[in-house]
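*Asks:* Modelling step: build the complete structure from the supplied sequences, incorporating the hints.
For reference, the chains in residue letters:
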Amino acid sequence: MEERSDAALARAIAADPSCRASEAELCRRLAPRIRVVGRRYVRDASELDDLVQTVLMTTLQKLRDGAVDEPARVAAFVAGVCRRVAAGWRRGDRRRRTLLDAARPQLRELSRVELSTAALDRDRLAECVRALPERQRTVVLLTFYAEEDGAAIAEELGTSLGNVRVMRHRALASLHACVEGRER
Amino acid sequence: MIALARLVDWVTGDAAEDEVAEVEQHVMGCDACARTADRLMDLGDAVAALARDGALRHAATPSVLARMDADGLDVRRYDVRPGEAVECQATPTQAYAITWLRADLSGVASVDVEVAAEGGPVLDTVRDVPFDRREGAVVLVEDGDSIRALPRIDLRLTMRGRDASGEERELGTYLLRHSPAA
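If you're matching them up, the sequences are chains A and B in order. Be aware that the first sequence starts at 527, since it is given in our numbering, and climbs by one per residue. Be aware that the second sequence starts at 57, since it is given in our numbering, and climbs by one per residue.
Bear in mind the hints are in silico, worked out from the structure with no lab data behind them. Take these hints with a grain of salt, some might be off.
[Stated by the list, open to error] Covered, in the sense of this in silico footprint (three residues per stretch, anywhere, with C-beta under 8 Å from a C-beta of chain B), are these stretches of chain A: (1) 546–560; (2) 563–574; (3) 582–595; (4) 604–618; (5) 661–667; (6) 691–702.
We put the CB at the ideal spot given by N, CA and C, even for glycine.
*Replies:* Shown next as structure tokens:
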């Protein structure tokens with residue numbers, strides 16, 4: 527049987543708010559993606575779980591209420607909810623977290639689903655980092671260890687932001703390929 | 057599938073506001089892109105952990121040194137001028153040795169550092185090393201395990217610089233006399 531698209535699932539929920547099967551399937555797909563987008567805003571693991579649940583609950587409620595103008599663009603809608611919730615939490619707004627009290631156990635389980643990726647091999651990664659050209663290695667360290675943004679790195683290395691972005695992109699592409707065993 | 061460069065900019069926080077929205081919309085509908093973005097964030101976290109654990113050798117800049125200080129890493133510091141020699145060794149718990157190689161870097165566009173056994177072969181050449189022109193130094197950070205694995209050895213470091221026209225000149229030589237910890 528052909529798998530229904532995210533948009534088709536969203537339309538099914540909007541058309542029949544009691545359709546739990548569509549809700550479960552949409553949540554199973556969206557939860558790991560929300561987790562990835564949410565990681566960019568929330569570092570704490572339990573807070574990230576809360577964020578995923580909050581975004582899923584908000585999305586389902588809006589779909590059930592027919593409040594999503596274009597169910598076909600459900601990904602855009604969810605991305606917007608995720609950004610707004612994360613931004614609100616950063617401002618200290620925790621009101622929406624009361625939604626979590628009403629979260630069904632099944633939804634809590636679904637919200638913890640992660641994308642399947644192999645664990646990183648620490649020793650392999652260390653070798654891959656050592657194999658980078660010196661400047662690329664420095665840019666990677668400045669980005670992820672010193673947590674500097676591109677403009678600050680450019681100033682520190684006496685180069686342009688564009689150059690930093692190119693070096694960083696090349697370095698991460700190399701590391702990504704290297705840890706996966708596809709040398710570049 | 058979204059271009060890797062766009063995901064990298066998004067992960068590292070260097071994407072413009074409208075670009076952030078576009079990338080996030082795309083990731084929210086694309087498992088392959090979400091998986092790649094997740095991997096990039098894993099890589100970033102893992103690189104930071106390696107740096108904190110004293111597992112990486114690298115050339116440092118002021119921000120990286122400040123982070124190492126903030127993390128309270130167990131380090132030894134050496135400050136060497138051209139023509140000078142310094143005694144060095146690594147203690148059992150030492151995460152890193154940090155060596156400031158001083159030089160007159162005026163007019164220099166790029167720097168290479170050659171490492172050789174004193175009176176012996178070249179062991180390594182580190183090309184295009186970041187340098188601090190204001191401080192007049194290249195800062196090399198060596199991980200403790202690599203140093204502890206060394207036998208008693210004298211290492212001759214030679215720093216060479218190139219100006220914008222590509223003309224090369226020697227900026228200094230430095231002798232690191234390494235002895236294993238007792």
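*Asks:* Does each hint hold? Answer for all of them.
*Replies:* Hints, one by one, checked against the model:
1. 546–560: holds (count 5)
2. 563–574: holds (count 3)
3. 582–595: violated (count 0)
4. 604–618: That given contact holds, which follows from 5 residues of the segment 604–618 of chain A lying within Cβ reach (below 8 Å) of chain B.
5. 661–667: n = 5 at 8 Å, threshold three: holds.
6. 691–702: As far as the segment 691–702 of chain A goes, the hint holds, because 7 residues have Cβ atoms under 8 Å from chain B.
Consistency with the previously given hints fails for number 3 only.
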